[in-house]
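Number of protein chains: 2
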Amino acid sequence: MAITSRVDLSQSQIDALSALVSGRVSVNESVLDSHGRDESAFPPVRPSAVVMAHSTEEVSKVLAYCNAEKIPVVAFGVGSSLEGHVLPLFGGISLDISEMDKILQISPDDLTVRVQAGVKRMALNKKLSSDGLFFSVDPGADATIGGMTSTGASGTTTVRYGSMRENVLKLTAVLADGTVMEVGRETRKLSAGYDLTRLIVGSEGTLAVVTEITLRVFGIPEKMAAAVCRFKSLEDGVQAAIAIVRSGVAIARCEFLDAQSIKNVNAHDGISLQEAPTLLFEFHGSPRGVEEDAQVVQEITSEFGGTDFEWTAEEGERRKLWQARHNAYWAGIAAHPGKRGISTDAAVPLSKLADAVAVSEKILSASGFPFSILGHVADGNFHTFIITDPKNPNELEEIRKITHEMTSAIIAMGGTCTGEHGIGAGKIDSLLEEAGSASVDIMKLIKKALDPNGILNPGKIFH
Amino acid sequence: MAITSRVDLSQSQIDALSALVSGRVSVNESVLDSHGRDESAFPPVRPSAVVMAHSTEEVSKVLAYCNAEKIPVVAFGVGSSLEGHVLPLFGGISLDISEMDKILQISPDDLTVRVQAGVKRMALNKKLSSDGLFFSVDPGADATIGGMTSTGASGTTTVRYGSMRENVLKLTAVLADGTVMEVGRETRKLSAGYDLTRLIVGSEGTLAVVTEITLRVFGIPEKMAAAVCRFKSLEDGVQAAIAIVRSGVAIARCEFLDAQSIKNVNAHDGISLQEAPTLLFEFHGSPRGVEEDAQVVQEITSEFGGTDFEWTAEEGERRKLWQARHNAYWAGIAAHPGKRGISTDAAVPLSKLADAVAVSEKILSASGFPFSILGHVADGNFHTFIITDPKNPNELEEIRKITHEMTSAIIAMGGTCTGEHGIGAGKIDSLLEEAGSASVDIMKLIKKALDPNGILNPGKIFH
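Protein chains in written order, with our numbering: chain B, 1 to 463; chain W, 464 to 926.
Honestly, I wouldn't trust all of these hints.
[Unchecked claim] Partial list, computed: chain W residues near chain B (C-beta under 10 angstroms):
| hint | residue |
| --- | --- |
| 1 | L567 |
| 2 | S570 |
| 3 | T614 |
| 4 | T621 |
| 5 | T650 |
| 6 | G665 |
| 7 | G733 |
| 8 | I734 |
| 9 | R863 |
| 10 | G877 |
| 11 | G899 |
| 12 | A901 |
[As the list claims (entries may be wrong)] Straight-line Cα separation of at most 20 angstroms, EDC-like style, residue types lysine to aspartate or glutamate; simulated pairs:
| hint | chain 1 | residue 1 | chain 2 | residue 2 |
| --- | --- | --- | --- | --- |
| 13 | W | K726 | W | D640 |
| 14 | B | K170 | W | D904 |
| 15 | W | K911 | B | D308 |
| 16 | W | K783 | W | E766 |
| 17 | W | K802 | W | E858 |
| 18 | B | K223 | B | E314 |
| 19 | B | K223 | W | E755 |
| 20 | W | K633 | B | D177 |
| 21 | B | K232 | B | D308 |
| 22 | W | K907 | B | D177 |
| 23 | W | K686 | B | E29 |
| 24 | W | K565 | W | E520 |
| 25 | W | K907 | B | D441 |
| 26 | B | K102 | B | E57 |
| 27 | B | K448 | W | D640 |
Keep in mind the hints are simulated off the structure, nothing from the lab.
For clarity, every value in this text was computed on a predicted model and none was experimentally measured.
Here a beta-carbon is modelled for each residue, glycine too, at the ideal position from N, C-alpha and C.
Bound-form chain B, shown alone (with noise of 0.2 angstroms):
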């Protein structure tokens, strides 16, 4: 593509922007850095100015000029990326889209909701109860709607009510040239043309920056319901895991948290789990049928020597436990002050998810590296998570080496080296071991047609 270095903006090019929004643009340099890193272990990147868009209308102009320009432009809402999507990797301008933040319908007939895409997963869930609704996808921290579209989200409660990737009815996408277009339709069903929707989500914001989303939502189920059991080994749990999803039975969440992560989260979250491989579920249902789901879960469990299954329908207690299991990233980290954590994020079909794990644990034992292991086992989808230490650049090196050997077991056994969090900076090289350079030319095809200057998040997916 175009851009192959750092472009810093000139006095005029900074004016001529802060002309198209109102004067909201900024150097300052708190402001710069704020905008130059993620939740990932990248080193940080400042870009070259902030831009602060308050409408669809503004990011078409900026999009135009910058276009018009060839100055790199990469969307930020908040910064909770785990691949470094949002890192300005060649300078330009970071397009703060935070403050678009209005639920613009909710329309609890269809069971959807608009948005503007600074709207935040929490904001949005609080707004959607007092109409008996939720939204679903769940990733832990507390995204921007926009950017769980772009990377194409999902989560803990995937293995029930899908991803950014089923969720998403209807988009509003800038193009690199300003145009706006609208993709999909509020319809459960849509058969017209191709799937701009689905191309553009899950695009990491090489495609288009999304302005506008329409979600689908849930009404909150009647009941809800969580349960946890032990495990004497990391691949009873899993095995266990796998019987569940065979036998069709409807868990909600099923998440699988080995006993690092369960230390981790217990001197954390100030909780005292078992500090033993562990699953945690969750069943969303009717009274009778919640308690059903979690008798079938207990009776498979136990077959895999699964213990000490408890089983809670007291909404504080299941909040608790779930609010545990979203901090184990932190908790993580909080473990080992100073440093930062690297999470793989593999997927593999499920009767290869055994393997995976154990492989997985094998090549980081032998590494010396701190790690734990937990992930949505449900969906063949596990992470782990590696602690490094930021000062000691040469670990991310050899972390590098580690996780490259993992993702080319991974690969090998038909699995791919991202899940859920996305291919973003550190990722280019799995992408095309895993997916062909026939597929990787045909995504660049398709990024030169819509984005021939390639200004939008340059250095992203692929070379």
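Please build the complex by placing chain W on the supplied structure of chain B, with the hints as guidance.
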């Protein structure tokens, strides 16, 4: 695109193609005829030759040759399209993949199956059943999996199990220049680069020829049961269906048939359902769960004046009922010997469904053409089925006006001209009206990037 007039093959071109596929090229008139029509009412168009492919390699060689020679290529399975997808509007070859009908691998542990594109839906389900599995997408016709992938098929079970979009995990696609590309992975989650799988699914043969597909499959439910319920008016039935969806009860199918549709299937299938607006349901789950679900549904239907709620868990009865539903299209034609049917395919947000059906009924009643209405109401998707005399081409023009009027009303409500059948040859203008020129221009850019000579299924989706 490049191809603007009919292409007929020279003898040397036929010989060259013949050499690529061990002589499996035909210009026999009856073979040309059978590849020049589908289930739509479009006038038949013969291809110049029919090429029978037996492998991905052969498809690759044939496409490379046709691309170099600028010969149009339309892939052909069984010709069950309702939108003229397989009509070779610009001549060239019909590339028949129906003999690529091997089920390559059933993986019960992964709940996946890998098939060649010519495998038919019913044969696949027969084979899967011995492993206790089933493939859920059910458009009625016994289509090939390749055709269903290319049109992004859905059907009666989509409300519960999704469409092809959600159930194709991975596919092998041959591009216009013969490049063989594997896209997707056999994992439940994937976030690695652009979603090329969803781009190919539903692209109606205009971007690639699909030769192999890995599908997600499901365990056959422990219990399946069906129910029927009658309503005083079409609107009451539709409102009941909407209320059922909102209640969150897990229906596996929920179909609406108007009195005319019931009359047609009664005559066609020799059954004796009451000739009234009717909802047909199917429930999948545990014996107790199925009973509970049916009870909730019965309560809701009675709130909307539903009467004679009949429920059956008897397998033969259930199959007979759904077979009748599936035969509704042919039953409609059988009721008018010598005539053909034109099916519309509107989908709207649920809150607009009753209005959309009412508007359609009003327009059709005024037209004087025989018609019936039925559809997948829980998805907001319904079909009007209009009877036309193929010997009177003026009728087609008149019906085109009527369907255009209905479609414009649907689009104005936020709906789509096609929930599941696709654009094909007849809805090109509606796509533009619905999606807007910015979106359609992007589709064309993608088409041009992937098929610069425009050889793949020219004349479909856009001009």
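For each hint, the structure was consulted:
Using the Cβ-Cβ criterion of 10 angstroms, the hint placing L567/W at the interface with chain B is not satisfied: the shortest such distance is roughly 14 angstroms. A least Cβ separation of about 7 angstroms between S570/W and chain B falls short of the 10 angstroms threshold, and the interface hint therefore holds. Interface restraint check: T614/W against chain B, minimum CB-CB distance 7 angstroms, threshold 10 angstroms, status holds. Of the supplied interface hints, the one on T621/W holds, with its beta-carbon coming within about 7 angstroms of a beta-carbon of chain B, less than 10 angstroms.
At its closest, the beta carbon of T650/W sits 4 angstroms from a beta carbon of chain B; the interface hint therefore holds under the 10 angstroms criterion. The criterion of a C-beta within 10 angstroms of any C-beta in chain B is met by G665/W, whose closest approach is roughly 6 angstroms, and the hint holds. Taken as an interface hint, G733/W does not check out: its beta carbon lies about 32 angstroms from the nearest beta carbon of chain B, beyond 10 angstroms. Interface restraint check for I734/W: the shortest CB-CB distance to chain B comes to about 28 angstroms, outside 10 angstroms, so the restraint is violated.
Using the Cβ-Cβ criterion of 10 angstroms, the hint placing R863/W at the interface with chain B is not satisfied: the shortest such distance is roughly 18 angstroms. With a least beta-carbon distance of about 5 angstroms to chain B, the hint placing G877/W at the interface is held under the 10 angstroms criterion. Nearest Cβ of chain B to the Cβ of G899/W: about 6 angstroms, under the 10 angstroms cut. The hint holds. A cut of 10 angstroms between beta carbons decides the hint on A901/W: the least distance to chain B is about 4 angstroms, and the hint holds.
Annotation: proposed proximity of K726/W to D640/W is violated, straight-line Cα distance about 50 angstroms (limit 20 angstroms). Among the hinted pairs, K170/B with D904/W is consistent with the structure: their alpha-carbon atoms are about 18 angstroms apart, no more than 20 angstroms. Using a Cα cut-off of 20 angstroms, the hinted pair K911/W and D308/B is violated, with the two alpha carbons roughly 60 angstroms apart. For the hint pairing K783/W with E766/W, the CA-to-CA distance comes to about 28 angstroms; that exceeds 20 angstroms, so the pair is violated.
Proposed proximity of K802/W and E858/W is supported: the alpha carbons are some 11 angstroms apart, at most 20 angstroms. Restraint check: the Cα-Cα separation between K223/B and E314/B comes to about 10 angstroms, which is no more than 20 angstroms; the hinted pair holds. Between the alpha carbons of K223/B and E755/W the distance comes to roughly 16 angstroms, so the proposed pair stays at or under 20 angstroms and holds. For a cut-off of 20 angstroms, the pair hint linking K633/W to D177/B is broken: about 32 angstroms separates their Cα positions.
Distance check on the hinted pair: K232/B and D308/B sit about 11 angstroms apart at the alpha-carbon level, within 20 angstroms; holds. Our distance criterion of 20 angstroms between C-alpha atoms is met by K907/W and D177/B, whose separation comes to about 17 angstroms. Under the criterion of a C-alpha separation no larger than 20 angstroms, the hint pairing K686/W with E29/B is inconsistent with the structure, at around 64 angstroms. With a C-alpha separation of about 15 angstroms, the suggested pair K565/W and E520/W falls inside the 20 angstroms cut-off, and the hint holds.
Between the alpha carbons of K907/W and D441/B the distance comes to roughly 18 angstroms, so the proposed pair stays at or under 20 angstroms and holds. The suggested pairing of K102/B with E57/B holds, with an alpha-carbon distance near 15 angstroms, which does not exceed 20 angstroms. Among the hinted pairs, K448/B with D640/W is consistent with the structure: their alpha-carbon atoms are about 19 angstroms apart, no more than 20 angstroms.
Checked against the numbered hints above, the structure breaks hints 1, 7, 8, 9, 13, 15, 16, 20, 23 and satisfies the rest.
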